[in-house]
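**Student:** If you want the building blocks of each chain, they are given just below.
Protein chains: 2
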Amino acid sequence: MDNEKTFDETIKEILQILEEKKYVKARDELLKNNEVDIAEILEEVLEELGVDSTIIVFRMLPKDVSVEVFSYLPSEDQLAIIQGITDREISYIIEELDFDDKIDVLEELPANLVDKILEKTPKEERKLINTFLNYPENSAGSLMTPDYISLQHDMTVGEALAYIKREGMDSETVYTCYVKEAGRKLEGIVSLRALVIHDSDAKISDLMSTDYVYVNVGDDQEEVSESFKKYGFLAIPVVDKEHRLVGIITVDDILDVIEEETTEDIERMAGVIDGSDKEYLDMGVFRHVKNRLPWLILLSISLMITGSIIEQFEATLQQVVALTFYLPLLMGTGGNTGTQAATLIIRGISLGDIDLRDTFKVFWKELRISIILGVILSLFNFAKIMLIDHQTMKIALTVCASMLIVVMFAKLIGGMLPMLAKRIGIDPALMATPMISSLTDMVSALAYLAMATVVLGISI
Amino acid sequence: MDNEKTFDETIKEILQILEEKKYVKARDELLKNNEVDIAEILEEVLEELGVDSTIIVFRMLPKDVSVEVFSYLPSEDQLAIIQGITDREISYIIEELDFDDKIDVLEELPANLVDKILEKTPKEERKLINTFLNYPENSAGSLMTPDYISLQHDMTVGEALAYIKREGMDSETVYTCYVKEAGRKLEGIVSLRALVIHDSDAKISDLMSTDYVYVNVGDDQEEVSESFKKYGFLAIPVVDKEHRLVGIITVDDILDVIEEETTEDIERMAGVIDGSDKEYLDMGVFRHVKNRLPWLILLSISLMITGSIIEQFEATLQQVVALTFYLPLLMGTGGNTGTQAATLIIRGISLGDIDLRDTFKVFWKELRISIILGVILSLFNFAKIMLIDHQTMKIALTVCASMLIVVMFAKLIGGMLPMLAKRIGIDPALMATPMISSLTDMVSALAYLAMATVVLGISI
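Heads up: the sequence lines are chains A and B, in that order.
Per our numbering, residue 2 is the first one in the first sequence, and the count goes up by one each step.
Per our numbering, residue 2 is the first one in the second sequence, and the count goes up by one each step.
Note that these hints are calculated values from the structure, not bench results.
It is possible that some hints are incorrect.
One copy or two, either will do: identical chains are not told apart, so a pair holds if it fits within one copy or between any two.
[What the hints assert, rightly or not] Keeping only pairs whose Cα atoms sit at most 30 Å apart, straight-line, the calculated DSBU-like set for lysine-lysine is:
(1) Lys-423 with Lys-291
(2) Lys-166 with Lys-385
(3) Lys-64 with Lys-117
(4) Lys-279 with Lys-423
(5) Lys-124 with Lys-33
(6) Lys-423 with Lys-362
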């Protein structure tokens, strides 16, 4: 988009106007943007000028705009605003929000505030809200909305369209409609495209598709997003154990889920715990420490073990200090080659390209790759050690033979550990860089120094 | 989805039937599934039983089903099928495919075959196909389709719905419609929801929105997917330099783009080049070697430099061999802590949470995090070195002081390198694990051994 630069300038301009406390002018400038962009600008205002200015501006927005803007804010910013406005204003916003946004906001609020808000809610809606609040985080239930278009199979297209005309404003989507039997069981789905294309006296039962794909209310959000990716849906129905339709999930919410799941994967692959619920900059220093320390301590212990392995070869190192110079080369290459393999396999598993049936294929492919790479890297380093370092042939041979072993080990362990993790039900993403390089470090040190001891004829 | 297991069983069953060469029965079993699933089953058939069986089954499918199934196959499988069927069958499939799928297939075919197919295409469509084939890969142009619903602003809702009823079957989506002025300029967009909700004599010009978001035909697909994520669209219009509407991009195609871009990022972060166009298992061993070798050679050189740094301290190591035992600890911790920071920053940049204006904030946050983590890790290791290893206080202090320096350096370089990459226009993902650990290896070795030399009073 070529208007990106202009948007950055818009933000700067509005911040400028607000610093001069020209609130009315700021509001007018703000309202030239769409709601998503206003929310983004308010995020900047909150970050740069603090909560007081943000609330002044927020309150000056027309009510309907303010509700929509609110729904696009990240949850910590929503909380900041809620703490600065009156209970009456809070109730208004909550009431006007779409049902799924409402649930998202209520989940983040302190329990006493939620109770206060729910007091004023009609009994039936309160019951529904409580049901939705109880679905486990990251389940299909926590993503869905009950606002969908519900038709009967004996309606005609004309009747259905008239119904959509009446109810369509309040529904999350009108593009897929759901046909329910008695007992709220899901009978079929019909697209608005089909309704618009067919004559108005056609029967819904003739148009609806009954072999639709659905998810269960307890399914993990990762499975739900797999379905969307596979089938390219705009919305998917969510059913309970009795196959009653309890809600629908729309594709726009899935884009967020995909992002969240990928971030979780990437962070796990780097040895960071559970950071995906808040943005990097919004997270406090101590929370960052808490997310990073556990793996670092664990890896510290593993690196100490590598140190102890090296200690066993004290005599060897004492006699030939030059061996130490190549320790980083071997350990580093082990880590790098292992990380490459592990990353490709983890991504392949997470995309569904690789599954457990492929274990032997992965093993065989990595075996061949590692032999070729190992030989090339060995020859490259052999030349360097002989021609530039002018070390003895024995040292050069030891380094290169260890190199081949290390590369083969690293590629195979990098390929197999994620598969093993999947088999025993651990997230394969945990088997990436830090885990792999810990293991290859140990094996590199052991293989190299043991071989050196033998080749150089040293008794330890 | 609870029917996952059943689908795996379905695949097995059909493979079984095919091995017994009961093709008619296999076809009937296959047709119990939807087209997306049939495509997935055919992929397995191709992998397990080879191209001949696959083509026999593919040819037995009803013609309309076969075209749709074909469109869901990965491009290498499409190619395999095309090489096994007659030119006449190829022409039929190409003709029947949706326009964007047609372009995707033609892009993969050898030029002479494309020419042969295009010979039989009407002149106007041939021209359009050639234009689309010329859009650069990964541009908005290469993702879009020209099959959209195009309205005029002086139409009534009733007229628009009648038009959609006639043309809706051939359009990629009917849920967003595009209003064009004379000269094909995009004037506004209107949703099918708005059309269905309003009375049939309402004017399109009153319903359409004119401050729509659009992308330019040359924009990178990453920018396009950012827009989808930000605004939650179902489709986005693509315009040329004269603001003429040339096509639209729908959200289902964006799900693939997001996946592709993320895979590219993750692979780059692990030091793997350009592997995202083919799945892991479909790529040959030599292609894998080619994708992995360049970084490994580069890193080899950097590890050699680390080795040379260590070599400078030969005298120190000769006198106190015990120093070697803690080299892996320091280098490993540097790599691990740096990788954590770099990964979080790279992901933050790629999600748009962090931009260049935040450089100082990132620096300040990582500085504080690194001091806290550095102190904790130092104390932890100090205790271990004194109490378990029974080394001298001097060695323990040297290791721990170096540890603090290494952690601080690693976190700051891990946080700043991706920002620097962004500023000079390189992909920040290239600044991940391998790059960071190379740098921290050098700094760890240097800081540790230099400090040891001074503390232990050794002259080198």
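**Student:** Next, verify each hint and record whether it holds.
**Tutor:** Against the structure, the hints come out as follows:
Taking the shortest alpha-carbon separations for Lys-423 and Lys-291, both the intra-copy value of 26 Å and the inter-copy value of 28 Å come in at or below 30 Å. Taking identical chains as interchangeable, the C-alpha atoms of Lys-166 and Lys-385 are never at most 30 Å apart, the minima being 77 Å within one chain and 73 Å between chains. In the homo-oligomer, the alpha carbons of Lys-64 and Lys-117 lie at most 30 Å apart inside one protomer (21 Å), although the nearest pairing across protomers, at 61 Å, exceeds that limit. For a Cα distance limit of 30 Å, the shortest separation of Lys-279 from Lys-423 qualifies both inside one copy, at 27 Å, and across copies, at 22 Å.
In this assembly of identical chains, Lys-124 and Lys-33 lie within 30 Å of each other by CA distance neither inside one copy nor across copies; the values are 39 Å within and 45 Å between. Proximity of Lys-423 to Lys-362 under the C-alpha cut-off of 30 Å is restricted to the intra-copy arrangement: shortest distance 16 Å within a copy versus 38 Å between copies.
Hint compliance for this structure: hints 2 and 5 are broken, all remaining hints hold.
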